[in-house]
Structures are given as C-alpha cells and as structure tokens.
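Spelled out, the chains give:
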Amino acid sequence: MDEELTMLATALAAPEPSEEAADRSRHRLQNTMRGGPVRRRRTGRLAGGLGLTAATAATAILVSTTGTTHTAHPNSPPSTAERSLSARQILLAAATTAEKAPATSGAYWYVKQEERDGANAEPTVAERWTRHDGEIWRRDLKTEGEIFHEGVLPGRPKARPFDLGTDFVSFQQIQRLPTDPDRLKAWLADSAAHSDMRTSAGRLTAEEQRLEAFESLVMLLSTLPAPPKVRAAAFRALASYPNVKVAGRANGGQVVRFTLPKVTEPARPAPSTAAQREKAARWAKDRAARAKAQAARGETHDDPPTMVVDPATAQVRETNFLALGGGEEWFPDGGGVRITTAWTDALPK
Amino acid sequence: MTADVGEQASDAELAARFRRDPELFTAVHDRYFRAIYLYAAGRLDAQTAEDIAAETFCVAFRDRERFDPGRGALRPWLFGIATNLVARHRRKEARHYRAIARAGTEPVADSHENRVVASVAAAHMRPRLVQALARLSPGERDVVLLIALGQLGYDEVADALGISAGTVGSRLSRARKKLKEAFHG
Chain A
10 MDEELTMLAT
20 ALAAPEPSEE
30 AADRSRHRLQ
40 NTMRGGPVRR
50 RRTGRLAGGL
60 GLTAATAATA
70 ILVSTTGTTH
80 TAHPNSPPST
90 AERSLSARQI
100 LLAAATTAEK
110 APATSGAYWY
120 VKQEERDGAN
130 AEPTVAERWT
140 RHDGEIWRRD
150 LKTEGEIFHE
160 GVLPGRPKAR
170 PFDLGTDFVS
180 FQQIQRLPTD
190 PDRLKAWLAD
200 SAAHSDMRTS
210 AGRLTAEEQR
220 LEAFESLVML
230 LSTLPAPPKV
240 RAAAFRALAS
250 YPNVKVAGRA
260 NGGQVVRFTL
270 PKVTEPARPA
280 PSTAAQREKA
290 ARWAKDRAAR
300 AKAQAARGET
310 HDDPPTMVVD
320 PATAQVRETN
330 FLALGGGEEW
340 FPDGGGVRIT
350 TAWTDALPK
Chain P
14 MTADVGEQAS
24 DAELAARFRR
34 DPELFTAVHD
44 RYFRAIYLYA
54 AGRLDAQTAE
64 DIAAETFCVA
74 FRDRERFDPG
84 RGALRPWLFG
94 IATNLVARHR
104 RKEARHYRAI
114 ARAGTEPVAD
124 SHENRVVASV
134 AAAHMRPRLV
144 QALARLSPGE
154 RDVVLLIALG
164 QLGYDEVADA
174 LGISAGTVGS
184 RLSRARKKLK
194 EAFHG
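Going down the list, the sequences are from chains A and P.
If you're matching positions, the first sequence starts at 10 in the working numbering and goes up one per residue.
If you're matching positions, the second sequence starts at 14 in the working numbering and goes up one per residue.
Hints are computed from structural coordinates only; laboratory data are not their basis.
Every value quoted in this text rests on a predicted model; they were computed, and no experiment measured them.
Treat the hints with care, since some could be wrong.
[Said to hold, decoys possible] What follows is a list of derived Cβ distance ranges for each label pair: (1) 184(A) <-> 40(P): 41 to 47 Å; (2) 29(A) <-> 194(P): 29 to 35 Å; (3) 11(A) <-> 111(P): 23 to 29 Å.
Quick reminder that beta carbons are idealized off the backbone N, C-alpha and C, glycines included.
So that you can see chain A by itself, here it is in the shape it has in the complex:
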C-alpha cells in the first residue's frame, strides 16, 4: 500500500469489536441457520419441532369490544353484552367491519410501534414507511430522531419488503392474497412448505406448516397493507380455529385463547456415525443453553401470542408478536407493542 492508503487505514481504523458483538452476531447467524428469516427476541416457535416440548401451544388474542374508546378500568368486570359474545363472534364481527371498510391507499405504508416496558413507562417508538417499490424509511432510536432512508433491507429482494410467515412478499402479492378464509390458510401453509425454513429435524412437517399459517394470519392483520377482503378472510380464518375461547379481560379487551393441536416432534434416526452423534450433542447443548437463558430472562416457551383487536375498526391495536423489517419479535410476559398502521402520501418533514 502506498502512503495515502496507509494513512487512510490509520485515520479510519476502528476499535476491535467486543466479544459481546461477536456473540450477538454468531447468535443471529445461528438463528438464521435454523429459522430462515432473522428472528430476534423470539422465545420459541409455536411449532414444537424447533423449540422445547410444549404439550399445547396456547395462543391468546385480546379483543377489545369497546370500539375506539379503551375503558379506563381495564380489569373491571365485562358488561353483560360483552360477556355474551363468544370469541368466534368477536372475530367474525371484526371480519364484517374489515370487509365493509373502504379500500385505502397512499404513497407510503406507515407502521408505528410503541413498545413499553411497563404500563406507565415511556414508550420506545419505532416508525417505518414503505413505498410501493420496496424503498424503506425509518425513524427510531438508532436514527436519533431523524428520518433515515434505509433503502432496501439487507438480505432481501427490493420488491418484497414485507414479512409474511417465513417469506418476504411484495405489495402486489399482498393485494392478490385469497379472499376466502380456507384458501388463505392453504396459501399460507403452502408458502411455509416451500420456504427455506428448516427446524433441527429438517423441513417443516404438515403440522408445523399449519402453525406457520396461523402465525402468518396474525402478522397479516397486525402490520401488512392488506385489502379489506383479505383482512376479513384473515379474521374469519382465525375464527375457524378449533378450541377458541374468551378467557377473560385484560388491557381493555377480551382474551381469546386458541388451544392449538399438539405438535409432535418428528422421529429422527438415531445417530450412527461419530459426526452425527457430535452434531446431535451440539444441538442438545445449544437447546439447553437457550432454555436456560430464556428461563433467566423470565421467558417461557409458552408465552402466548397476544393481540388487541378492535372490532369497531377491525384494527389490531396491540400485539406481543410482531414481524417487521426482517425480524420476528416476541415480547414476553405481558409486554406488548401498540401498533398504528396507515397509508400516507408524504414523509413527515
């Protein structure tokens, strides 16, 4: 190298990466290796094939029945009218509202997340604007309050900026999703079947595909710019799951719990070679370490995905399960993210 280049190297030289940075990076790679898309803060998949054994995967959806006005007494007893609504009726009501809503559009699809560590804590706000062509702008802690033109998210095709299940999808694909609940579920399960997602046992089983479809419905309703008929189909698809129950009130809504069928671990051949045994031992060790770390953080595998649905507007107001910008996030133990979505024609000044 000549003098100029050496001097540049010196002027730009950065401090060595910390061990923590290397660990975080390795962890992210390992998540990618076993989960397809990047998954952060995820406490465990609903699909038991990847995670620890779960007898049942319980899923709770909080449904607000008070329209746009959230009651000031979140844990007050429900009114007679609310008590009489079944979970299925609540979801079907949201579907009807969604279907009647006018189709909206704009230049940018806007999603705002407000994350709170506790009920009265100041929220951490993250905002994202996605243009039809896949260009993304964001404003969050990392951008120090400025709107930052992210361009295209790393590692994904520009034209497909949205997460749906294990796949990236385009704005156009979302517009063309099936408007029939059964066909929508089948489409999502099929997408999971063809994804590059792998669990420790290999490709997704049929059961795991169905669970992926369930998670995809939650994502679709909470953060994607889906047209009214697709949203209605998604609410109806959720209402069609067996064993759906209202399980009390919380946070101004009613808890609707799904008890999904048990996922059996696919049979694996016993390791015969030394290399296979070593690999199996590594998996077991890694699983145990992850379980321990989760337990230390007070997270359990069974943290149920939670949504606050407002049937009067068919909007998902809050969830503890989110996929936005290349990562799925779980917010364990009652933590949740408020979500606001809207079309807008301009970026804020």
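Got chain A sorted already, so can you dock chain P onto it with the hints?
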C-alpha cells in the same frame, strides 16, 4: 495477491465442510467476523457496522449454494457481501467521514499508529484525505477501502466486486490521483 497457500487450502476445506453440514457455517463466522467488522466499522458507525457484519454472515449462509470455491476464496466473497450492505448506507457513510475529518488528527485506534511513518505534517493532512473519500465515486471508494481497510489483494478485490482486475487497476489509479490531489492540496 497476499493470501498464502495454507490459508487458501483451509478456506476451501471450510467450504467443503459447510457444504456437507450447513451447521459448520459458524466456523466461517468465527474466522472472519473480526475482519468484516473492522472493515465495516472503518466506513460506518460502530452500531451500523455491527449490524452489517452480522448480516453479512446471514446473507452468506442463505447464499451458500452460490459460493463456488473454484472461483475464489471465502474472504473476498464475504467482503463483497459486506460491501453491498455498506452501499445501502451511502449518506450515513458520508456523514461518518465528515465526522472523522472534523474530529481532527487523532487516530481512533492508536495501535495502528505504528504502521505509519507519521510526521506531524502528514497527520494534519489526514482529515483532508478522509474528506476526499466522499468525493470518490462509489466504485472507486469500494476498491480503495477494500485494499486499505480490508487488506485485500487486487485479485481479491476483483473477486469481491465481481469486476475484472483491469477495472480494479483503473479505478485505483483514478482514486489515487484524486487522493493525492487532496493530500498535496
């Protein structure tokens, strides 16, 4: 070309291993994380650099089928991915250089200082040199920084960017001319 034969062979071995068993890809991470991080951190802030370094290995893992050991080593392949990711932060990159130029002549990490025969005068010129980076074309900048920060050889730069060795040479000489102008006023 500076990489020695031993390093090449073990890279190929590594590649053969993760082709048989994808889980062994973490070995690629452990070998190259530091180099990729330091390259990205020279061009962007630490947090973005960490993000890019981590994402480089995720992208590499997803594209591992496309890696052809016959066409080049792991190192330039990874630096190529990292360079593509850096390209998505052009404005931030320019801000980073401006900030360094403003910060004056103190090198960020003094351990590298002994690489330089640094006269006081030369140290004063460094901010101008850094600022001049912003005036290079993106292609010229990639070539210069893959050499200066990534310590890639010319052939490796060609592999990383998917361009011919001739193009590397012409971009480098144009870039050097601009840098010298900035340096000598």
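Status of the hints after comparison with the structure:
1. 184(A) <-> 40(P): 41 to 47 Å: 43 Å, holds
2. 29(A) <-> 194(P): 29 to 35 Å: Since residue 29(A) and residue 194(P) have Cβ atoms about 42 Å apart, the given range 29 to 35 Å is violated.
3. 11(A) <-> 111(P): 23 to 29 Å: 24 Å, holds
Of the numbered hints listed earlier, the single one contradicted by the structure is hint 2.
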